[in-house]
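Since chain A is already given, all that's left is putting chain B on it; use the hints.
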Amino acid sequence: MREEIITSGRMNPLIDPVLNVWHWEIPIYLFLGGLSAGLLFFAALYTIMDKEDKYKTAVKVAPIIAPIAIALGLIALMLDLKHPLYSWQLYTTIRMGSPMSWGAWTLMAVMPLSVAWVAIYIDQVFPQIGRTPKPIMKVMNLVVRLKDTDDGTGINWEYSYKWLRSLKNWVYANRVTMAWILLPLAIILGVYTGILLSAFNARPLWNTSLLGPLFLVSGISTAAASIMWLTNDQEERTLFSRIDLILIIVELFFIVHLFMGFLAGPAVQIEAAELFLGGHFTAPFWGLVVVLGLIVPAILEALELKGFHIPVAVPAALILLGGAIFRFIMVEAGQITRWLY
Amino acid sequence: MRYGMAIDTKKCVGCSDCVVACQLENHVPVGYARDWIVEVTEGTFPNLSLEIRSERCNHCDNTPCVRTCPTGASHIIEGGIVKVTHNECIGCGACIQSCPYDARYTHPEGYVDKCTFCDHRVKNGQDPACVSVCPTHCMYFGDLDDPNSEISKIVNRRKIKTLAPEAGTLPQIFYLV
Numbered sequence: 009m010r011e012e013i014i015t016s017g018r019m020n021p022l023i024d025p026v027l028n029v030w031h032w033e034i035p036i037y038l039f040l041g042g043l044s045a046g047l048l049f050f051a052a053l054y055t056i057m058d059k060e061d062k063y064k065t066a067v068k069v070a071p072i073i074a075p076i077a078i079a080l081g082l083i084a085l086m087l088d089l090k091h092p093l094y095s096w097q098l099y100t101t102i103r104m105g106s107p108m109s110w111g112a113w114t115l116m117a118v119m120p121l122s123v124a125w126v127a128i129y130i131d132q133v134f135p136q137i138g139r140t141p142k143p144i145m146k147v148m149n150l151v152v153r154l155k156d157t158d159d160g161t162g163i164n165w166e167y168s169y170k171w172l173r174s175l176k177n178w179v180y181a182n183r184v185t186m187a188w189i190l191l192p193l194a195i196i197l198g199v200y201t202g203i204l205l206s207a208f209n210a211r212p213l214w215n216t217s218l219l220g221p222l223f224l225v226s227g228i229s230t231a232a233a234s235i236m237w238l239t240n241d242q243e244e245r246t247l248f249s250r251i252d253l254i255l256i257i258v259e260l261f262f263i264v265h266l267f268m269g270f271l272a273g274p275a276v277q278i279e280a281a282e283l284f285l286g287g288h289f290t291a292p293f294w295g296l297v298v299v300l301g302l303i304v305p306a307i308l309e310a311l312e313l314k315g316f317h318i319p320v321a322v323p324a325a326l327i328l329l330g331g332a333i334f335r336f337i338m339v340e341a342g343q344i345t346r347w348l349y
Numbered sequence: 040m041r042y043g044m045a046i047d048t049k050k051c052v053g054c055s056d057c058v059v060a061c062q063l064e065n066h067v068p069v070g071y072a073r074d075w076i077v078e079v080t081e082g083t084f085p086n087l088s089l090e091i092r093s094e095r096c097n098h099c100d101n102t103p104c105v106r107t108c109p110t111g112a113s114h115i116i117e118g119g120i121v122k123v124t125h126n127e128c129i130g131c132g133a134c135i136q137s138c139p140y141d142a143r144y145t146h147p148e149g150y151v152d153k154c155t156f157c158d159h160r161v162k163n164g165q166d167p168a169c170v171s172v173c174p175t176h177c178m179y180f181g182d183l184d185d186p187n188s189e190i191s192k193i194v195n196r197r198k199i200k201t202l203a204p205e206a207g208t209l210p211q212i213f214y215l216v
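First to last, the protein sequences are chains A and B.
Residues 9 to 349 (the working numbering) make up the first sequence, in order.
Residues 40 to 216 (the working numbering) make up the second sequence, in order.
Isolated chain A (complex conformation):
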């Protein structure tokens, strides 16, 4: 028998009896960050490949989610900070060894780029502003106004200011350059969600370099599922269904490798793996994440490609839910794993 007890009054509820510093805010951000990274990745990729009209949803429609998701994710991150008034300190330094510093700077670059991306395509996605209640129109008039004459494009609005219009035209003309900048940034953003956790040696469940690629693939997979759900074009749906199927298979391989690595590792990582192999997280992880979040949608997508008719919302929603639950479980379980006591 071995019993270790802290006998003095260390009763910090965030640390004892189990470390509980990060709550729902972090997994929510990891999910939204991964989703946005994937959406921007596909948008940039198909722009570079000159298929922006062929895969309209991926390039023009789905990226609208990205800045909204990043903004919500950033709000979640701010809520997590215990000293939020000092958050500007993130931008007074670049710390190469700290993934969080990398992530903060990446978000600083991605956020305006994703807004710019939406701004140059939104007139093609929503060409007509219909009858809008006056108060809402007043707010909208800060940025957009109805056009006087119809110039044959079918778009009945434009940005309010001349400089904004010329800026938009300039960015639109240089959208391929922007795509080249956005592509690596999106990958860094996606990897960052995993590397953030894997940098912590003290939490054995997280301390594996596989977490970066695993979270990246999972994020891109949730993005592919969203595009598949949003699109009305059968060809685009088939393409993203196929991409998603491949990503799910890669993700399953990574998960198997993750546990192989843990079980071949030091005692603390074997203990971490045991949380998922008979321990507390076995049922939610294998049931909700692996079976319902990966295997079932993979089978549904495969059946769809074989010609069966499956409502696309089912696999897409399962993948998104599975991705979110995966991050909640990883953050929660990782904080239980430790070296001492």
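By construction, these hints were calculated from the structure, which means they are not laboratory data.
Every value quoted in this text rests on a predicted model; they were computed, and no experiment measured them.
There could be a bad hint or two in this list.
[To be verified] A few chain A residues that face chain B, going by a derived Cβ cut-off under 8 Å, partial list only: (1) 15; (2) 18; (3) 22; (4) 29; (5) 30; (6) 95; (7) 97; (8) 98; (9) 103; (10) 164; (11) 166; (12) 207; (13) 238; (14) 240; (15) 348.
[Claimed, not checked] Covered stretches of chain B, going by a simulated chain A footprint (3 or more residues, C-beta under 8 Å): (16) 46 to 60; (17) 65 to 72; (18) 77 to 84; (19) 103 to 117; (20) 135 to 148; (21) 152 to 161; (22) 173 to 182.
[Claimed, not checked] If you anchor each label on the Cβ, the simulated ranges turn out as follows: (23) 89(B) x 307(A): 50 to 60 Å; (24) 89(B) x 100(A): 32 to 42 Å; (25) 261(A) x 89(B): 26 to 36 Å; (26) 159(B) x 92(A): 27 to 37 Å; (27) 86(A) x 176(B): 44 to 54 Å; (28) 86(A) x 205(B): 33 to 43 Å; (29) 207(B) x 173(A): 26 to 36 Å; (30) 159(B) x 286(A): 32 to 42 Å; (31) 171(B) x 100(A): 36 to 46 Å; (32) 149(B) x 317(A): 52 to 62 Å; (33) 186(B) x 261(A): 27 to 37 Å; (34) 41(B) x 26(A): 26 to 36 Å.
The beta carbon of each residue, even a glycine, is placed where N, CA and C say it ideally should be.
Frame of chain A, contents of chain B only:
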């Protein structure tokens, strides 16, 4: 100059004087602690062994907490003491997650706080508060780089262990066993 601490587990009785001294010296808020006592019992009754340890930040040589800090609030000062600059800390929790010893906590005012080896006392030539009050004199503090210091001598003479050396942090608190 490399400050370190040695704690004699054969002499420690677990009285928690070090904990109280630290809380008073450093105005640690009620319910929180920068150091704490761990009692380890091994074996089956009646064949038991007991080890008592006073634990705190290990002021490691390889500091994951300083590495993962995104703002540079966590830093190392002269003598290898790991400190946190309060008005640079954003309270993100990265250092807490990266510490294998759970030695850091979030102060109610929002920043992360931890043992400072009482650097304000040490720079005046005094021992840290915990060391100075220990009634069994089981704690030793000093410069590990100086071969003639009391701590260097006792660490070289006695059998020692560090906590979770497998974590690779090179802790500078040595337990005499």
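Each hint tested on the structure:
Annotation: residue 15(A) was flagged as interfacial toward chain B, and the flag holds, the nearest CB pair being 5 Å apart, inside 8 Å. Contact between residue 18(A) and chain B, as hinted, is supported at the beta carbon level, the nearest pair being about 4 Å apart and thus within 8 Å. At its closest, the beta carbon of residue 22(A) sits 6 Å from a beta carbon of chain B; the interface hint therefore holds under the 8 Å criterion. The criterion of a C-beta within 8 Å of any C-beta in chain B is met by residue 29(A), whose closest approach is roughly 4 Å, and the hint holds.
Taken as an interface hint, residue 30(A) checks out: its beta carbon lies about 6 Å from the nearest beta carbon of chain B, inside 8 Å. Given hint, residue 95(A) at the interface with chain B, holds; its Cβ is 5 Å from that chain's nearest Cβ, closer than 8 Å. The interface hint given for residue 97(A) is met, as the beta carbon of that residue sits about 4 Å from the closest beta carbon of chain B, less than 8 Å. Contact between residue 98(A) and chain B, as hinted, is supported at the beta carbon level, the nearest pair being about 6 Å apart and thus within 8 Å.
Below 8 Å, beta-carbon pairs count as interface contacts, and residue 103(A) has one with chain B at about 6 Å; its hint therefore holds. Nearest Cβ of chain B to the Cβ of residue 164(A): about 45 Å, over the 8 Å cut. The hint is violated. The criterion of a C-beta within 8 Å of any C-beta in chain B is not met by residue 166(A), whose closest approach is roughly 41 Å, and the hint is violated. Taken as an interface hint, residue 207(A) checks out: its beta carbon lies about 6 Å from the nearest beta carbon of chain B, inside 8 Å.
Among the interface hints, the one on residue 238(A) is violated; its C-beta lies about 34 Å from the nearest C-beta in chain B, farther than the 8 Å criterion. Interface restraint check: residue 240(A) against chain B, minimum CB-CB distance 42 Å, threshold 8 Å, status violated. Interface restraint check for residue 348(A): the shortest CB-CB distance to chain B comes to about 6 Å, inside 8 Å, so the restraint holds. Residues of the segment 46 to 60 of chain B lying with their CB closer than 8 Å to a CB of chain A number 3, which satisfies the three-residue condition for coverage.
Counting residues of the segment 65 to 72 of chain B whose C-beta sits closer than 8 Å to any C-beta of chain A gives 3, which meets the bar of three, so the coverage hint holds. For the segment 77 to 84 of chain B, the stated coverage by chain A holds: 7 residues have a C-beta nearer than 8 Å to a C-beta of that chain, and at least 3 were required. Taking a C-beta to C-beta cut-off of 8 Å, the segment 103 to 117 of chain B contributes 8 residues in contact with chain A, enough for the three needed, and the coverage statement holds. Interface restraint, the segment 135 to 148 of chain B with chain A: holds (10 residues with C-beta to C-beta distance below 8 Å; minimum three).
A stretch counts as covered by a chain when three or more of its residues have a beta carbon under 8 Å from one of that chain; for the segment 152 to 161 of chain B and chain A the count is 0, and the coverage is violated. Figure legend: the segment 173 to 182 of chain B, annotated as covered by chain A; annotation inconsistent (0 residues with Cβ-Cβ distances under 8 Å, at least 3 required). Roughly 57 Å separates the CB atoms of residue 89(B) and residue 307(A), a value that falls within the hinted 50 to 60 Å. A beta carbon spacing of about 49 Å between residue 89(B) and residue 100(A) contradicts the range 32 to 42 Å that was offered as a hint.
Distance hint for residue 261(A) and residue 89(B): a CB-CB separation of about 48 Å, inconsistent with the stated range 26 to 36 Å. In this structure the supplied range 27 to 37 Å holds for residue 159(B) paired with residue 92(A), their Cβ-Cβ distance being about 28 Å. Between residue 86(A) and residue 176(B), the C-beta spacing of about 48 Å keeps the proposed range 44 to 54 Å intact. The hinted range of 33 to 43 Å is satisfied by residue 86(A) and residue 205(B), whose Cβ atoms lie roughly 36 Å apart.
Between residue 207(B) and residue 173(A) the C-beta distance comes to about 57 Å, which lies outside the given range of 26 to 36 Å. Between residue 159(B) and residue 286(A) the C-beta distance comes to about 50 Å, which lies outside the given range of 32 to 42 Å. The beta-carbon spacing between residue 171(B) and residue 100(A), approximately 37 Å, falls within the hinted interval of 36 to 46 Å. Evaluation of the 52 to 62 Å hint for residue 149(B) and residue 317(A) yields a pass: the beta carbon distance comes to about 55 Å.
For the pair residue 186(B) and residue 261(A), the beta carbons lie near 54 Å from each other, so the given range of 27 to 37 Å is not met. Between residue 41(B) and residue 26(A) the beta carbons are some 33 Å apart, a value that agrees with the proposed interval 26 to 36 Å.
Hint violations for this structure: numbers 10, 11, 13, 14, 21, 22, 24, 25, 29, 30 and 33, all remaining hints satisfied.
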